[in-house]
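A.B. asks: The listed protein sequences correspond, in order, to chains H and A. For the first sequence, the numbering used here begins at 6 and goes up steadily by one. For the second sequence, the numbering used here begins at 100 and goes up steadily by one.
Errors might be hidden in some of the hints.
Pairs of lysine to aspartate or glutamate residues, derived as DMTMM-like cross-links and limited to a Cα-Cα distance of at most 25 angstroms, are as follows [claimed, not checked]:
#1 A/LYS351 with H/GLU343
#2 H/LYS328 with H/GLU162
#3 A/LYS359 with H/ASP10
#4 H/LYS269 with H/GLU259
#5 H/LYS269 with H/GLU162
#6 H/LYS258 with H/GLU207
#7 H/LYS258 with H/GLU270
#8 A/LYS344 with A/GLU397
#9 H/LYS328 with H/GLU270
#10 A/LYS344 with A/GLU372
#11 A/LYS359 with H/ASP186
#12 A/LYS228 with A/GLU345
#13 A/LYS359 with A/GLU345
#14 A/LYS344 with H/GLU53
#15 H/LYS328 with H/GLU343
#16 A/LYS431 with H/ASP186
#17 A/LYS359 with H/GLU11
#18 H/LYS210 with H/GLU162
#19 A/LYS228 with A/GLU267
#20 A/LYS359 with A/ASP252
#21 A/LYS244 with A/ASP153
#22 A/LYS431 with H/GLU343
#23 A/LYS359 with H/GLU23
#24 A/LYS319 with A/GLU267
#25 H/LYS329 with H/ASP186
#26 A/LYS244 with A/GLU221
#27 A/LYS344 with H/GLU343
#28 A/LYS431 with H/GLU332
#29 H/LYS266 with H/GLU243
#30 A/LYS244 with A/GLU267
If you want the footprint, here are the derived chain H segments under chain A, 3+ residues with CB under 8 angstroms [what the hints assert, rightly or not]:
#31 43 to 49
#32 247 to 255
#33 272 to 285
These are calculated hints, taken from the structure and not from any lab test. Backbone N, C-alpha and C fix where the C-beta goes; we use that ideal spot for every residue, glycine too.
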Amino acid sequence: MKYLDEFRNPALATMYLEAIRAIVSRQWVIMEVCGGQTHAIMRYGIQELLPREIQLVHGPGCPVCVTPVSNIDRALAIAALPDVIFCSFGDMLRVPGSAMDLRMIRARGADVRTVYSPLDAVTIARENPDREVVFFAIGFETTAPANALAVSLAAREDLGNFSLLVSHVLVPPAIEAILSDTNSTIQGFLAAGHVCAVMGVEAYKAIVSAYRVPIVVTGFEPVDILQGLYMCIRQLEEGRIEVENQYERAVRKEGNFHAQKIIKEVFEVVPREWRGLGTIVDSGWGLREKYASFDAELRFDIAHATAVEQSDCISGLVLIGRKKPYECPAFGTRCTPEHPLGATMVSDEGACAAYYRYQGGLVA
Amino acid sequence: MSRVEKSGLYCPNPFGEFDQILLAHGSGGRLMLQLLDNVIMRIFDDSLMHQGHDGSLLEPPHSRLIMTTDSYVVRPLFFAGGDIGTLAVNGTVNDLAMCGARPLYMSVGLILEEGLPVSILEQVLLSMKSAAQCTGIRIVTGDTKVVERGRCDGMYINTTGIGGLEAENQISAAQICLGDAIIVSGDIGRHGMAVMSAREGFSFSRPIQSDCAPLWESVKFLLDANIDIHCMRDITRGGLASVVKELAAACKLQFSLIEKNIPVDSEVRSACEVLGIDPLHVACEGRYVLFVPGNSAETAVSLLNRYYCENGDRMGNSQFQAGVIGEVIPGKSGIVTLRTTIGGNRLIEPPSGEILPRIC
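With the rest of the complex left out, here is chain H:
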């Protein structure tokens, strides 16, 4: 647990809390972009420890949450086909599509399997040459290298029965979409450390100069988050606007060259639909022409898969920080982790699920 316990140290946490209290002179609204950070904020009760002037809003960085209903419906349509083994990360199984989720389709006889890595899905494809094996490739820049590697490996081995249902999204275009909203009140960002570990920090410099907001690349442990907040608040208080890196132990400014190389080899930038945010140009990755034969959307006839969003779910507004989960009339009543109306209630990293799990009775 080395490199984790140090960043959960109560004395260090107290030190940063005191440092924040010492410099805060007015109200600041700061968004933590990543769902992993939201999870840690809730799990450690960080919001209640902060001075009242600091308002945290929770960003769109939960990959499970932003995967649109249309893609869940495509996943369900593919999983329902005979001879398909549909592989997914665990927490996608509970995400509601228009009518059901992957657990429900599994109960009806579909072969849906939880895997821990896309490479596990490649192994399953290798071991089941007479079955079609599809991996649900969701996630931000963090999961892309392994997904790209899986395709590259399948291509090298000529595994004709392996494909990806791609729903990859990118962080910088989402931050820009939030900042372009004229109603946005967000004054500073904690950027997602692991995304930057892959892609580097260059893209954020452009955002900082275009939109005049400080961005601090931040880790996921409580001391990381408190230090990131301290750095962000100090910039705001001092009137500085720049990209800073709290997560130096993992993030180099140029990112991870090898990861970027394999991503570029397999994926290209495409427009992508986000749950709650709609379609954003150049905000996702899709398979390059060269790897089109591994694209599950092209391989299977799933044109009939339709998408219906739940009308009384406000997850879109939660994702851009305009509403808090408890401002939703369905929160904790018609919408719970057992019966999620929207994806922010599904994953532990979703803001609604995190509020329900860790703060529900305290804010109610």
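Based on the hints, put chain A in the right spot on chain H.
C.D. replies: Only chain A this time, still in chain H's reference frame:
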């Protein structure tokens, strides 16, 4: 040669011509009798089972009895620290112990999958026999069914237990009072992570052993020392979080827990970290939570630690860290709060159904 053959228990009427369970072994005919005589009865070998009736006549010394039942489904059947047989005995023994009852008699219902190697069945039954002997419960009756291949994961087991009540005071959620200390008997989460490691093929620098163990003797030790136990509950599926939530709702009081006092082994913590799972949600099979008056908390904890130090947990585990993890406070009914390691507060909720590893 099977383990039973090696032990000299082999019947001359050859069972060995079938080394796998066939559908016919559950059909009520000659093969079924062979399975019962040559494998099941031979291994369990209790005089009450040999009465030759459909039921066993019991003459317990206790006037008040407790009865409980549970079914056991686990994949894989064998994992570090136990197997489905040890689970099936200890799980039911522990349900009795949590009521303050000495485990006396047990029935065993087996559902076997066609094709199950007989050697596997023997191994599981030997585990059951050994776990039962360990805690003094007698296996007195049983039933066997066979289902077609693919209809179950090798085998399922149901056990029903009868225990004699030895606790003088009533032990139940209704007895939990304001000011009670909440104690956990040892570190949490080992069983769930041991099974998950075995199922998914994870390996860690030190393999995680299940904590599967009988609890009656340690409960008896506390009762003999006149500890006024208000309530006990063994931590199983849903982990510590589910136990405290259920009990807080049942007694209509609020519990306050302190995260840094909850013992979690470092390997279990690391495994949970990698998989994005909260250790509070992970199953145990040999740990329990108990509620005692605040002023006897220290005595109860030192007795528990002394008991486990002297006796182990009878399953070979030797690390014990019983401790006070919280208290019963005035507040909202059914709420459990946790003071986090950095001093914040959060709610404890049970896991939402299946525990699904997080994406990143």
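A.B. asks: Take the hints in turn and mark each one as holding or not.
C.D. replies: Results for each hint:
1. For the hint pairing A/LYS351 with H/GLU343, the CA-to-CA distance comes to about 23 angstroms; that is within 25 angstroms, so the pair holds.
2. With a C-alpha separation of about 48 angstroms, the suggested pairing of H/LYS328 with H/GLU162 is violated against the 25 angstroms cut-off.
3. As the CA atoms of A/LYS359 and H/ASP10 are separated by approximately 12 angstroms, the hinted pair is consistent with the 25 angstroms bound.
4. About 15 angstroms separates the Cα atoms of H/LYS269 and H/GLU259, which keeps this hinted pair within 25 angstroms; it holds.
5. The hinted pair formed by H/LYS269 and H/GLU162 meets the criterion: a straight-line CA distance of about 20 angstroms does not exceed 25 angstroms.
6. A C-alpha spacing of about 7 angstroms is found between H/LYS258 and H/GLU207, which places the hinted pair at or below 25 angstroms, so the restraint holds.
7. The suggested pairing of H/LYS258 with H/GLU270 holds, with an alpha-carbon distance near 21 angstroms, which does not exceed 25 angstroms.
8. Distance hint between A/LYS344 and A/GLU397 is fulfilled; the C-alpha atoms sit about 24 angstroms from each other, no more than 25 angstroms.
9. Between the alpha carbons of H/LYS328 and H/GLU270 the distance comes to roughly 39 angstroms, so the proposed pair goes past 25 angstroms and is violated.
10. At roughly 23 angstroms between alpha-carbon atoms, A/LYS344 and A/GLU372 fall within 25 angstroms of each other, so this suggested pair holds.
11. Between A/LYS359 and H/ASP186, the direct Cα distance comes to roughly 42 angstroms. Violation of the 25 angstroms bound is thereby established for this hinted pair.
12. About 32 angstroms separates the Cα atoms of A/LYS228 and A/GLU345, which puts this hinted pair outside 25 angstroms; it is violated.
13. For the hint pairing A/LYS359 with A/GLU345, the CA-to-CA distance comes to about 22 angstroms; that is within 25 angstroms, so the pair holds.
14. At most 25 angstroms may separate the alpha-carbon atoms for a hinted pair to count; A/LYS344 and H/GLU53 meet this at roughly 23 angstroms.
15. For the hint linking H/LYS328 to H/GLU343, the alpha-carbon distance of about 22 angstroms falls within 25 angstroms, and the restraint holds.
16. Using a Cα cut-off of 25 angstroms, the hinted pair A/LYS431 and H/ASP186 is violated, with the two alpha carbons roughly 40 angstroms apart.
17. With a CA separation close to 15 angstroms, the supplied pair A/LYS359 and H/GLU11 stays within the 25 angstroms bound.
18. For the given pair, H/LYS210 sits about 40 angstroms from H/GLU162 by alpha-carbon distance, which is inconsistent with the 25 angstroms threshold.
19. Restraint check for A/LYS228 and A/GLU267: not satisfied, since their Cα atoms lie roughly 30 angstroms apart, outside the 25 angstroms limit.
20. Straight-line distance between C-alpha atoms of A/LYS359 and A/ASP252 comes to about 39 angstroms, which puts the hinted pair past the 25 angstroms bound.
21. Proximity of A/LYS244 to A/ASP153 is assessed by CA-CA distance (about 16 angstroms); at most 25 angstroms being required, the pair is judged to hold.
22. Restraint check: the Cα-Cα separation between A/LYS431 and H/GLU343 comes to about 23 angstroms, which is no more than 25 angstroms; the hinted pair holds.
23. With a C-alpha separation of about 22 angstroms, the suggested pair A/LYS359 and H/GLU23 falls inside the 25 angstroms cut-off, and the hint holds.
24. At most 25 angstroms may separate the alpha-carbon atoms for a hinted pair to count; A/LYS319 and A/GLU267 meet this at roughly 12 angstroms.
25. Of the supplied pair hints, the one linking H/LYS329 and H/ASP186 holds, its CA atoms being roughly 17 angstroms apart against a limit of 25 angstroms.
26. Note on A/LYS244 and A/GLU221: the hinted pairing holds, with a Cα-Cα distance of about 16 angstroms set against a maximum of 25 angstroms.
27. With a CA separation close to 16 angstroms, the supplied pair A/LYS344 and H/GLU343 stays within the 25 angstroms bound.
28. Distance hint between A/LYS431 and H/GLU332 is fulfilled; the C-alpha atoms sit about 22 angstroms from each other, no more than 25 angstroms.
29. Between H/LYS266 and H/GLU243, the direct Cα distance comes to roughly 38 angstroms. Violation of the 25 angstroms bound is thereby established for this hinted pair.
30. Of the pairs offered as hints, the one joining A/LYS244 and A/GLU267 is violated, with about 40 angstroms between alpha carbons and a cut-off of 25 angstroms exceeded.
31. Counting residues of the segment 43 to 49 of chain H whose CB lies closer than 8 angstroms to any CB of chain A gives 3, which reaches the minimum of 3, so the coverage claim holds.
32. With 0 residues having a Cβ less than 8 angstroms from any Cβ of chain A, the segment 247 to 255 of chain H misses the three-residue criterion, and the hint is violated.
33. Here the segment 272 to 285 of chain H counts 0 residues with a CB under 8 angstroms from a CB of chain A, which misses the bar of 3, and the coverage is violated.
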